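A.B. asks: So the sequence lines, in the order shown, correspond to chains X and S. Read in order, the letters of the first sequence correspond to residues 2 to 326 in the working numbering. Read in order, the letters of the second sequence correspond to residues 2 to 326 in the working numbering.
Hint data in this document are derived by calculation from the structure and do not stem from the laboratory. Please read these numbers as outputs of a predicted model, since none were measured by experiment. Be aware that one or more of the hints could be misleading.
What the hints assert, rightly or not - Short, incomplete list of chain S residues facing chain X, as computed with Cβ under 8 Å:
| hint | residue |
| --- | --- |
| 1 | 41 |
| 2 | 42 |
| 3 | 43 |
| 4 | 51 |
| 5 | 73 |
| 6 | 76 |
| 7 | 85 |
| 8 | 148 |
| 9 | 150 |
| 10 | 214 |
Unchecked claim - 27 Å max Cα-Cα, derived BS3-like pairs, lysine-lysine:
| hint | chain 1 | residue 1 | chain 2 | residue 2 |
| --- | --- | --- | --- | --- |
| 11 | S | 228 | X | 12 |
| 12 | X | 96 | S | 228 |
| 13 | S | 228 | X | 28 |
| 14 | S | 228 | X | 228 |
| 15 | S | 295 | X | 28 |
| 16 | X | 275 | S | 28 |
| 17 | X | 93 | S | 93 |
| 18 | S | 92 | X | 92 |
| 19 | S | 28 | X | 228 |
Think of the CB as a built atom: it goes at the ideal place given N, C-alpha and C, for glycine as much as any other residue.
2 protein chains.
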Amino acid sequence: MSFSEFDLIEKYSLPLTGGQPGAFDLKDDAALITSQEGFIVTTDMLIEGVHFLSDANPSLIAKKALRANLSDLAAMGSKPVAYTLAVAIPKKHMKDESWIKAFSDSLAEENASFGVYTLGGDTTSTDGLLTISITAFGVPVNGHILKRSEAYVGDSIFVSGSIGDAFLGLQNMNGSIDVSDNDRKFIESRYWMPTPRTELGQELAAFATSAIDISDGLLAEMNHVCKASSVGAVIQYHALPLSSSAKNILKKYPGLYKAFFSAGDDFELLFTVKAEDVSRCAELSQAYNIQLTKIGEVNSGVDLIVYDDDTRQVEFGEMGYDHFK
Amino acid sequence: MSFSEFDLIEKYSLPLTGGQPGAFDLKDDAALITSQEGFIVTTDMLIEGVHFLSDANPSLIAKKALRANLSDLAAMGSKPVAYTLAVAIPKKHMKDESWIKAFSDSLAEENASFGVYTLGGDTTSTDGLLTISITAFGVPVNGHILKRSEAYVGDSIFVSGSIGDAFLGLQNMNGSIDVSDNDRKFIESRYWMPTPRTELGQELAAFATSAIDISDGLLAEMNHVCKASSVGAVIQYHALPLSSSAKNILKKYPGLYKAFFSAGDDFELLFTVKAEDVSRCAELSQAYNIQLTKIGEVNSGVDLIVYDDDTRQVEFGEMGYDHFK
Numbered sequence: 002m003s004f005s006e007f008d009l010i011e012k013y014s015l016p017l018t019g020g021q022p023g024a025f026d027l028k029d030d031a032a033l034i035t036s037q038e039g040f041i042v043t044t045d046m047l048i049e050g051v052h053f054l055s056d057a058n059p060s061l062i063a064k065k066a067l068r069a070n071l072s073d074l075a076a077m078g079s080k081p082v083a084y085t086l087a088v089a090i091p092k093k094h095m096k097d098e099s100w101i102k103a104f105s106d107s108l109a110e111e112n113a114s115f116g117v118y119t120l121g122g123d124t125t126s127t128d129g130l131l132t133i134s135i136t137a138f139g140v141p142v143n144g145h146i147l148k149r150s151e152a153y154v155g156d157s158i159f160v161s162g163s164i165g166d167a168f169l170g171l172q173n174m175n176g177s178i179d180v181s182d183n184d185r186k187f188i189e190s191r192y193w194m195p196t197p198r199t200e201l202g203q204e205l206a207a208f209a210t211s212a213i214d215i216s217d218g219l220l221a222e223m224n225h226v227c228k229a230s231s232v233g234a235v236i237q238y239h240a241l242p243l244s245s246s247a248k249n250i251l252k253k254y255p256g257l258y259k260a261f262f263s264a265g266d267d268f269e270l271l272f273t274v275k276a277e278d279v280s281r282c283a284e285l286s287q288a289y290n291i292q293l294t295k296i297g298e299v300n301s302g303v304d305l306i307v308y309d310d311d312t313r314q315v316e317f318g319e320m321g322y323d324h325f326k
Numbered sequence: 002m003s004f005s006e007f008d009l010i011e012k013y014s015l016p017l018t019g020g021q022p023g024a025f026d027l028k029d030d031a032a033l034i035t036s037q038e039g040f041i042v043t044t045d046m047l048i049e050g051v052h053f054l055s056d057a058n059p060s061l062i063a064k065k066a067l068r069a070n071l072s073d074l075a076a077m078g079s080k081p082v083a084y085t086l087a088v089a090i091p092k093k094h095m096k097d098e099s100w101i102k103a104f105s106d107s108l109a110e111e112n113a114s115f116g117v118y119t120l121g122g123d124t125t126s127t128d129g130l131l132t133i134s135i136t137a138f139g140v141p142v143n144g145h146i147l148k149r150s151e152a153y154v155g156d157s158i159f160v161s162g163s164i165g166d167a168f169l170g171l172q173n174m175n176g177s178i179d180v181s182d183n184d185r186k187f188i189e190s191r192y193w194m195p196t197p198r199t200e201l202g203q204e205l206a207a208f209a210t211s212a213i214d215i216s217d218g219l220l221a222e223m224n225h226v227c228k229a230s231s232v233g234a235v236i237q238y239h240a241l242p243l244s245s246s247a248k249n250i251l252k253k254y255p256g257l258y259k260a261f262f263s264a265g266d267d268f269e270l271l272f273t274v275k276a277e278d279v280s281r282c283a284e285l286s287q288a289y290n291i292q293l294t295k296i297g298e299v300n301s302g303v304d305l306i307v308y309d310d311d312t313r314q315v316e317f318g319e320m321g322y323d324h325f326k
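In isolation and in its complexed conformation, chain X is listed as follows (with noise of 0.2 Å):
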């Protein structure tokens, strides 16, 4: 069975725009979108093979692309609200309606989770890889945008859930580490389903003074900024917030600890607060349910070092993963 573009977007895609009334139907070459606040608007393009594994179920694959996009408008502590999807399509999997249906019901389900709408799209059918670039709007909240570039010298370093886990999800499937089946269902599902920090993103805005979110990896993204706010920073080696399956799995694999520096894919946020408002995070912590770690400092240096517990810099060749390297 084969579809036509058409076809295609009456069947699945349709019902994804939630009957809002700027998506057109879909039957018009672009979509209205209104606020007075104005949008802030994100887009990731995930490629299989470099963002996600090749051949992997496509609900799946749907719910960590928009999840991505989702993560970038916490970080910058607005309300998502809707989101343009284009997908290239190997040719195998047009030939597959289940493939296609899969996707589809995943981004309904993922549409009702957070309350955002498909607002238009274009999908083609492809000889390469499978590539999904998603374009993401939310607005601000209380006219506050958090951005990466004013953290200030004396600010504390936290973040948000856990670190590592998305890593050694990754890690389980390449078949690198033997985890009990626990732990492999909780971590997969951190690689799979990262949580979009949107609620916390939002009530940081009020108060934070840089935030960003950790795809590329945690010192690569407090690297970005540093550069940005023109600031140094210390980060303590052994801070990192751990879940129980990390610690559990740390036990057998303690050598892989190192690299949740630089691994990406938690999708937590990394943000920056002055001195007085720490117990602004403690309470936000106890009224979302969501750990909330001080991991290190800004300091008026120009560099970022990570010191272990008796204040020996720890090296790193690499700052985080980088798509070039």
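Assemble chain S onto chain X, guided by the hints.
C.D. replies: Only chain S this time, still in chain X's reference frame:
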């Protein structure tokens, strides 16, 4: 030579923002865009080998990708403002700074020509095909939005410019036809550098009943309008406006004319106007120096029919180009 994403953004992407404050110097996870009237949003993904020839000049690829999106905004009658750009660049090009420079310089030229800026983006190197996904933003002018769904019985069907040139350009690059140097230059330029009918679209928004741009073939596009508007239409087989080059080439290859109805890439506007507004098309044609040609009429039927001179029906096996066939 190889690039990190960060270096690449600094060197080539940053100037494309034109210093617009909402782009945050490309230092953040997302950008801010505001407009009282909201935004018309379109997204198009272009893949080498499907939407443009492989291993083509990066400068031309950039122009074609952006113009295809600006053409969608024109078809909605909106004024283009900005766009996000996600690109998967094959590794061989990433090693070649001249490729990236040519691609970026070309976008800078286009930004200046069309009065738009790059709001943000995402760049990844890939083992797969060059893939460009653009999401473009326009603003509706005076609250008017041109749609596909409001063509009325009795409306005249018009096209802008000339039809078939881009198809001939592709035939020539494929080596299927042999043409004069002058004609070659013209038809190749029409393939690589279609003219988004930006001003025309904004004028038409005030009175046309429907509009669409011809990316996938005249009959396919007219069929979309008919379905969206629940009307039928008749198109006169010999009515297509032809360029001098197309006329020259058809003398040698008369059999190619029929393909003009299903060939894409012209990016002209196909639109419908009420009988009493036909004279306004003549005025617009003169004011903007764009040929506007009546090629048919909307009727109360359910089919799109092409008649030759003696009102005999011309049969078409396929209603224009479809990426999935």
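A.B. asks: Name the hints, by number, that the structure is in violation of.
C.D. replies: 14
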